[in-house]
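*Asks:* Sequence:
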Amino acid sequence: MENSQGFVQHITAKSENFSQWYLDVILRARLADYAPVRGCMVIRPYGFGIWENIKELLDKRFRATGHRNAYFPLFIPGSFLEKEAEHVEGFAPEVAWVTRAGNEELAEPLVVRPTSETIIGHMYSKWISSWRDLPVLINQWANVVRWEKTTRMFLRTSEFLWQEGHTCHRTKEEAEEETLKILDIYRSFISEDLAIPVLTGRKTEREKFAGAITTYCVEALMTDGRALQAGTSHNLGQNFAKVFDISFLDKDNQLKYVWQTSWGVSTRLIGGIIMVHGDERGLALPPRIAPIQVVVVPIMPPPSQETVLNAAHNVFERLDKICRVELDAREEYSPGWKFNEWELRGVPIRLEIGPRDVKAGKVVLVRRDTGEKTAVPMENLENVVTDMLSSVQAGLYARAKRFLDENTHTVDNYDEFKTVIEKQRGLIFAPWCGSQECEVSVKDETGATIRCVPMNAQPNPGKCIHCGDNATSWVYFAKAY
RNA sequence: CGGGGCGUAGCGUAGUUUGGCUAGCGCGCCUGCUUUGGGAGCAGGAGGUCGGAGGUUCAAAUCCUCUCGCCCCGACCA
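So for the first sequence, the numbering used here puts the first residue at 137; every next one is plus one.
Please keep in mind that the hints were generated in silico from the structure rather than gathered at the bench. A couple of the hints might just be wrong.
[To be verified] Under the rule of at most 25 Å between Cα atoms (straight-line distance), these lysine-lysine pairs were calculated in the DSS-like manner:
hint	residue 1	residue 2
1	K344	K615
2	K344	K219
3	K285	K579
4	K554	K599
5	K378	K344
6	K474	K498
7	K196	K317
8	K474	K509
9	K262	K308
10	K537	K559
11	K196	K457
Source: prediction; values computed, not measured.
Produce the complete structure using the sequences and hints provided.
*Replies:* As structure tokens, this is what we get:
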């Protein structure tokens, strides 16, 4: 794309100041705005449109695997949170409390849910009594509140939207299978629908969910070289079942605790989309989740106004049957202004139609990922648009995949490790002895954390990057959001 | 939570050091005419009391105290 700087007058250069660029894109593309409450944001219609598409596509995948949606209360009795030791310790510092209603002090203070394991566990203990009641496969789309000290739009806000799945199983094996099944749904959803390549793996003891026995995760690499945890799937074992007494009589007439899982992704995914696909011109949205997939911009100098507008309406009607299309016929903005605006807002395909095109029976298509322009005969319109939407989706994925590959470094000595983290960032694949001491030391000394232990860890030779003892596995390190 | 920076019209800012403001400018907005294939032009017009509270002073955007919020770097964290 030539002259890319000249067109973008309203956002900070991505190469100059990534953080500021990120915020500018969000505000200028009208994805979200600051709320009058500390750490909170308003998700505007365009940003919420992305979330609605994410919801729809993910929900389909959940339903297809037997999950059903439900809704549990926003308020949780304060005492619930304290029942699971690790869980309290993990969440206590960031929990918001309700202690008063009107002028009355509440007999038992309530917490605003930071996550729903406890209250759902409480209900499950009422609902489950026999092995025939299992499995329970419930998901909830909800808001949660975590009083974070440092907030950042979409990545970490005091309140955010997410889905949380909570399941109960008869056996340990079934629970593990569910945990991994969900991890795979996340992996395929994020790579196929969001066009973001991810790593899958297991969290270390230090990084896992408070109260889980194992946490699996999908990690993505942002274009500033930092990793983003995009989703997690936890095997909760029987920790919560024991605390909330979720038990059942098994086939062998023995009373047993259920085996549970929980898993979630949040509006943070939108932050990931921005940071993976965005460029100097602003947002670039993968077609599958773009609220507007094609924007029709008519170019109508005076004598031809009616002809062009009619043709544009006709094109709109045709495309409306096959994709999410919008006609931008506003007269108060020039075509050039609209081009820049819709690029900033990340619309995958722009369709230009002017007097010359009408005369020639063509339209011009411009794709957001490459800027490439194509003149298309009117009669092929639907086919070409459909193909181009797939092609943009694939193009964005390919570009992100190339970036991930080029920024994943295999390193086996600590000096090189430190240099790479400091100068190039990205992911570092390195051997680790498995001790928390080394994990913490590396973090203190370099700022990098272990993002995940890969799923199919081969028996690996090698010496721990930090202490030099025999490595138990090769793991991915990165600076993370 | 620590260090640094910033809050003046919808947005971006000048003015703050050295109080004197009737707060200046650009974009955007409104009206009209001309325009329309990469952020159109001209003319006219509306809009701010300087994040908030208190104080010093004849006089405060400007000085002092407190407070709220945002950004950056770090710490912490699902």
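*Asks:* Run every hint past the structure and note whether it holds.
*Replies:* Here is how each hint holds up against the structure:
{"no.": "1", "hint": "K344 <-> K615", "verdict": "holds (17 Å)"}
{"no.": "2", "hint": "K344 <-> K219", "verdict": "holds (19 Å)"}
{"no.": "3", "hint": "K285 <-> K579", "verdict": "holds (20 Å)"}
{"no.": "4", "hint": "K554 <-> K599", "verdict": "holds (16 Å)"}
{"no.": "5", "hint": "K378 <-> K344", "verdict": "holds (20 Å)"}
{"no.": "6", "hint": "K474 <-> K498", "verdict": "holds (20 Å)"}
{"no.": "7", "hint": "K196 <-> K317", "verdict": "holds (15 Å)"}
{"no.": "8", "hint": "K474 <-> K509", "verdict": "holds (16 Å)"}
{"no.": "9", "hint": "K262 <-> K308", "verdict": "holds (21 Å)"}
{"no.": "10", "hint": "K537 <-> K559", "verdict": "holds (21 Å)"}
{"no.": "11", "hint": "K196 <-> K457", "verdict": "holds (21 Å)"}
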